[in-house]
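Student: One letter stands for each residue in the lines below.
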Amino acid sequence: MHPKRKQRLILALVVVVLSSATIGLITYALSGNINLFYSPSEVAAGEAPVDRQIRVGGMVVEGSVERASDRLETRFAVTDYAHVITVSYDGILPDLFAEGEGVVATGFLGRDGTVTATEVLAKHDENYMPPEVAEALENARATAVQP
Amino acid sequence: MWRIIHQFGSPPWVYRFCDRVIPWLLPLTAVALIVGSAWGLLFAPTDYKQGDSYRIIYIHVPAAVVSLAGYYIMAFAGLVSLVWRIKLADLAMRAAAPIGAAFTAVALITGAIWGKPTWGAWWVWDARVTSMLILFFLYVGVIALFEAYDNKTIAARACAILSLVGTVNIPIIYKSVDWWYSLHQPASIKFTGSSAIDASMLYPLLGMIVAFYALFALLMMLNLKQSLTSEYAQSNWLIKRITT
Numbered sequence: 011m012h013p014k015r016k017q018r019l020i021l022a023l024v025v026v027v028l029s030s031a032t033i034g035l036i037t038y039a040l041s042g043n044i045n046l047f048y049s050p051s052e053v054a055a056g057e058a059p060v061d062r063q064i065r066v067g068g069m070v071v072e073g074s075v076e077r078a079s080d081r082l083e084t085r086f087a088v089t090d091y092a093h094v095i096t097v098s099y100d101g102i103l104p105d106l107f108a109e110g111e112g113v114v115a116t117g118f119l120g121r122d123g124t125v126t127a128t129e130v131l132a133k134h135d136e137n138y139m140p141p142e143v144a145e146a147l148e149n150a151r152a153t154a155v156q157p
Numbered sequence: 004m005w006r007i008i009h010q011f012g013s014p015p016w017v018y019r020f021c022d023r024v025i026p027w028l029l030p031l032t033a034v035a036l037i038v039g040s041a042w043g044l045l046f047a048p049t050d051y052k053q054g055d056s057y058r059i060i061y062i063h064v065p066a067a068v069v070s071l072a073g074y075y076i077m078a079f080a081g082l083v084s085l086v087w088r089i090k091l092a093d094l095a096m097r098a099a100a101p102i103g104a105a106f107t108a109v110a111l112i113t114g115a116i117w118g119k120p121t122w123g124a125w126w127v128w129d130a131r132v133t134s135m136l137i138l139f140f141l142y143v144g145v146i147a148l149f150e151a152y153d154n155k156t157i158a159a160r161a162c163a164i165l166s167l168v169g170t171v172n173i174p175i176i177y178k179s180v181d182w183w184y185s186l187h188q189p190a191s192i193k194f195t196g197s198s199a200i201d202a203s204m205l206y207p208l209l210g211m212i213v214a215f216y217a218l219f220a221l222l223m224m225l226n227l228k229q230s231l232t233s234e235y236a237q238s239n240w241l242i243k244r245i246t247t
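Each protein sequence line maps, in turn, to chains A and B.
Counting with our numbering, you get residues 11 to 157 for the letters of the first sequence.
Counting with our numbering, you get residues 4 to 247 for the letters of the second sequence.
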């Protein structure tokens, strides 16, 4: 290769490597801010600020959803299978909100450790399948559980 | 081997190459797009949880995949133009930018349309969505930067550097859902192990990804031909090529 071109190639690659390293280090340093939500474990460990707007994400615990009979208010527990946090929400839940499904709640963490949400978003998982397949899987799991 | 690579640096050869490939690629792309969308939108089964709204995946995912691949094509052309000072690489880099921007915009808009019924919000500043928006700005930035200079040689060099620096964003977009907590779900199509999407939905999706790659290649060639025509309007080879 022509020495001048070689020099330019090395220079271009150095620019790419250095800028990548810079941006990589910055994003690594800011990864706490890039995370969209806190997990219940982080809230339990006291990493989430109290009385400030935060997001909490995890799975809705099966059987934990309580709906008020006269209002929209709903209470449910969110877990990452290590810790549990209670969320109360007075509003319309997304269609895909269900027990055992992922959820991200925006709201304020009270001193009692419960989150009063102003917005609840459903976190969809990566699984896509036809209803028949889902049913077959459910049946297979049910028969596997019963000995 | 070197001869073939050198041919891609020759404007008359590339012009002729595009002329020869486009008549084949155009009907192939059209057929792939029609078959893929009909298969995905009409014949693929509904999803057990999302119902029919999941079908936007057949536009969203292919557009997103091609917008990432298109950026690498643009950045590679930028590198070649920067190091070897080949005019054609510079034209290819600029031809890729608006197409990539369009594909990124399609991915962002379809994502918002899907997000409203599924997540409950049009837009969420999560890592995947935000890094995808940065990709859109990078594409638009390359177009704007080129227009900002009067001296087009310097403009091409600045664009090449910008597109090279921007490549760091591509692995960030790709891995964002694994590195950070995000609302966007992780990838359903896995290169190793079994995919999290049922085969009856996966095959039309793969078909649409192939169709979108073909569409990118087709648009790229049409765009490149157009810029070759304006760049070499006074050249003998082009006048001869068009008039005969």
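Hints are supplied without guarantee of correctness; some may be wrong.
[As the list claims (entries may be wrong)] Computed list of lysine-lysine pairs in PhoX-like fashion (alpha-carbon distance at most 20 angstroms, straight line):
id, chain 1, residue 1, chain 2, residue 2
1, B, K228, B, K155
2, B, K155, B, K178
3, B, K178, A, K16
4, B, K52, B, K155
5, B, K228, B, K90
6, B, K193, A, K14
[Unchecked claim] If you want the footprint, here are the derived chain B segments under chain A, 3+ residues with CB under 8 angstroms:
id, segment
7, 44 to 52
8, 75 to 86
9, 120 to 133
10, 184 to 194
[Stated by the list, open to error] Just a few of them, taken from the derived set where beta-carbon distance is under 10 angstroms, the chain B residues facing chain A:
id, residue
11, D153
12, A163
13, N239
14, I242
Please keep in mind that the hints were generated in silico from the structure rather than gathered at the bench.
Glycine included, C-beta positions come from ideal geometry on N, C-alpha and C.
Student: State for each hint whether it applies.
Tutor: Comparing the hints with the structure gives:
1. K228/B x K155/B: 19 angstroms, holds
2. K155/B x K178/B: 36 angstroms, violated
3. K178/B x K16/A: 32 angstroms, violated
4. K52/B x K155/B: 53 angstroms, violated
5. K228/B x K90/B: 14 angstroms, holds
6. K193/B x K14/A: Between K193/B and K14/A the Cα gap is close to 43 angstroms, so the pair fails against 20 angstroms, i.e. violated.
7. 44 to 52: holds (count 5)
8. 75 to 86: As far as the segment 75 to 86 of chain B goes, the hint holds, because 3 residues have Cβ atoms under 8 angstroms from chain A.
9. 120 to 133: holds (count 9)
10. 184 to 194: holds (count 7)
11. D153: 23 angstroms, violated
12. A163: Result: holds, 8 angstroms to nearest chain A Cβ.
13. N239: Violated, about 29 angstroms.
14. I242: 32 angstroms, violated
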